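Model the placement of chain A on the given structure of chain Y, informed by the hints.
Now for the letters of each chain:
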Amino acid sequence: MKLNSTVKHLNKEINELLFSLGIFAFFALMIYQTFLISNSLTRGFAGGVVVDATTYPKIFCGLGLVLSLVLIIQNLGRIKKKAGSIEPTEGEIASVEKKGKPSWVKPLLSIILAALFIVSVNVLGVIVGGWLYLLAQIAILLPEEKRGPKAYVITCIISFAVPLAVYLPFRYIFYVMFPLGIFKNIGIF
Amino acid sequence: MQEFLAAFFNLCSPAIMGWMIVGTAVGILFGAVPGMSAGLAVTVFLPITYGLDIITAAALMISLYIGGISGGLISAILINIPGTPSSVATTFDGSPMAKKGEGGKALGAAVFFSFIATLFSVASLICIAPTLAKLAIKFGPYEYFAITACSMLLVAGLFGKNMIKGLISVLIGISAGMVGMAPVDAAIRFTFGIDAFRTGFHAIPVLVGLFALPEVLAYARKRIVFEQMQAPKVKGLGFSFTEFKEQIVNFFRSSLIGLGIGILPGIGAGTSNLVAYAVAKNSSKTPEKFGQGELSGVVASESANNAGIGGAMIPLLSLGIPGDTVTVMLLAGLLLQGIQVGPRFFTSYPDLAYSIFGALIICSFLMFIIENLGMRLFVKLLGVPLHFLLPVVMFVCFLGSYSATNNMLNMWVLLIFGIVGYILTRVEVPLGPAIIGFVLGPSSELYLRRGLQMSGDSFWPFIQSPLAATIMAVGVLFIIWKAVNGIRMLNLAKKESHTT
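Which chain is which? The protein sequence lines are Y and A, in order. Count along the first sequence from 1, then add 1330; that gives the number in my numbering. Count along the second sequence from 1, then add 1257; that gives the number in my numbering.
Extracted from the complex, chain A is given alone in its bound form:
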């Protein structure tokens, strides 16, 4: 408790607090503007975190994450366009409420329940993650390899519509991660004769390229148009105490859904808000009101997506497995600082672990305060068109990539991976698996080779270890299930087309 309080007070220093305020505000803005996202916010700031100390860097990334996930509610309610995929279900009832003149209530409830759902998920994170890490502390290379391989398989299967494309995406990421020195023996690979590639690609230009440039190119190809919005007045919290009491069950149920889905690798807030909305609708005595401007719909969606934050952080901090795209970026940010996230994280870096918990709590409060006080300002800032914003974002990304190692090559790497990312999105290959492949691929190879060194080049111990075997079986069975399900759906579609 003392360590936690010490970390908490450390976070309250003016410098770190300043970064967290900026991060939360920028995150909200990125989350609110359609076409930008929490992931992009963390990506843009990744080069900046590289120059900060680890506590400040972690606090900044978390503030961007929390702000980004929550910011999506603003445009979802006011212009019926979700700022991020995590707020899709918020549009179903939030926008009709705004049209009925209840925009203030919708915004107030969305912000409040986002806030308490984040706190709920952080409390769960504090309870679950260290316990899970204690269990995982006995892991050896076999188990670590199984975990990294399994999480790559799960993410490949869960992102996008076509599992093969997901797997190819992971393999592209792994291939990018293999450039440079091999783990264990430092053999030089895939440099294509370019000496600068001997140390491999730096994570910042690769991640920024894959994530940011495709956004600009996609906008250049097809413009996103959204109408100017008006900020409604929010009195108090925007809703009554009776309405709060009515939503308590819905809140806990949706938060648990968000937490549970957030824990699973690959499925994040983008799915949990839809599932929570569907469950809230099915459990309601008046399901016909959903879609017409029902407060429960907004509460369900916003509770679930924000509860996913703590959920996604549980496997990240305790096992080193990112729960969604934003946590992949967090993992990359921590790796850039030389921090190895996983079962030993809580014992190796207790200060950082407590600081992350503290930052999550502080940023939840900041998000609540900034969204309530700055709503009008955000609405005004949202009026800045994307054709002005995106080039600025791109320019910052170029400079940020250069600053990672003060090398012009990073800018070229950014451009190349940006083009790769754009091509992948054009042919509907999800980018999330490529990012996780790039981040986890090298550790996966390291554990594989360490394991093989221990076993004298035998693969048997990977299967003989009950835990490793179980984890790998989960990944393989999941892929088989996805494949069988895909074939079944294809046959069903064929049958239907024959009958019609």
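Bound conformation, chain Y alone:
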């Protein structure tokens, strides 16, 4: 149990380290981008000599770079400390990782599904795209023990009713024109 908990914590620290490195790279990219901002225009308008449109980004992205470096150092220190406290075998780490593996599958599927929904809206329209999105998203979130004919019927009802129930007020109260895809020639929509 102690080993499992240590490996879990180690995984958490490694995730945080990866995040810190990602953030460091992000702020580095932002600083690089500030050098691509056209200054000839900005200085003339601002009337200043030192301060232009790059000043504020440089200050705050520079600060972000320093802070992410501090976070990296903090994480490395914690990883070193935790890794030194116990040394699990590769097999033990793999077993712990295997147990935790399904936790990211559903979020990843949800993200892919959201992306597919956005892509499909232009082709299928917001109503049909919505039906499919809701069907699939509920199917992803539906717990194993709750699956059964009753849950499937409720899923179908919600999936078919909600897109219409949401679309109609947006269309007729707020006058928002959504892509209708295959429904674009049907008068009532």
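Treat the hints as calculated values from the structure; they're not laboratory data. If a hint is listed, it holds; no wrong ones were tucked in.
Taking beta-carbon pairs under 8 angstroms as the criterion, some of the chain A residues facing chain Y (in silico): (1) 1424; (2) 1447; (3) 1477; (4) 1478; (5) 1651; (6) 1656; (7) 1665; (8) 1676; (9) 1679; (10) 1705.
All values derive from a computational prediction rather than experimental measurement. Glycine residues also receive a C-beta, built at the ideal position from the N, C-alpha and C atoms.
Chain A only, in chain Y's frame:
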């Protein structure tokens, strides 16, 4: 007074009243369902408010806010799970009361004291905010920059456990706010060659993405399970007049705590209910009864969290500084309508200011009535599992984001910021500072550059202005104090681990 009455009667028009009833009911539902919150309620409705006139939009957002903060008490008492962080302390005694068969009394008292605490805080808001705004009216760019910078620093330090993560969160928000045209000279920045980003990210998909999608992804990763609850019968107000008299001191004390904490940027009802509970317990003659089903515990928690509503609105309306995450959303909603909140708010938009006061009062009454009459219905609606509710919320968010500018790009922005928000929550980086950074970052830059234009590119006037210097010193000293405190705690933990 006449203007206030005119605004009040305007709010009583069927259309606005209808929105407020819907908003309060939906807010209560969002507050009551664990895994959803008042902030999420305002976020989901943000695109809808964009299409309404400003008075209706403000009234709708306020009704969602009041309903959302109060709704948390239902699940806190009936299933021992706080619907929102603002009701954590309500579970300590509310749930034991329900288990003892006093659920009706707990619910009745919680709803009633939530109601009068909101009214108390609104009265304080009406008295304090315009006076504070009058003092702040002389502010120039130096002071405004100091205020925005200070509030971002305070929020960064107060949200989450790790201050560095809080600061990084603010900087991520500021970076997102920098995309597009720079203030003052409209120089194009950080568009990465995408023309659609020249006008910057629209606030709705960014805020909805940061707030709503992580909820769905978090649920997909780890399901929240809560048992089906039963609505107890509430006779009258649920408690006797003697019990009411016994709670008056506790009510005022807790409301003042809630109001005071609500005023401070970054700390909202999530903290005030716990502080008020601790103070009520320490002041009690029978502290051992707390946690066993003591009415005072419920009253303290619910008075404090609802008093925080008026408290959080004071810095928002008078200085333009949001007190908590929900008021950040309110600020974003008002900015989307082209309303600049701050010291000049009361003179520039008196009708809107009075309407906001009026909406706060009306929504308090609506909350009291709807919670009392609709308790059974809410309990039934809470039976709808999150695996059905969250996809629906997500679908509404996608459509709402699209409707902000009728642009498909908004949906992609929502998705990208949703993923960013999820990653941030996974590594325990608080989202509140990112949101405040995104909302306040552009104004902070604007005031900085205006100030520098006035001073001929010199930073000295920012320090020479006594008010700006004091405000910035508060922010910097707070961060230093947090850092020193963090190092001290770390050393203490090291010492303890060495001794053991």
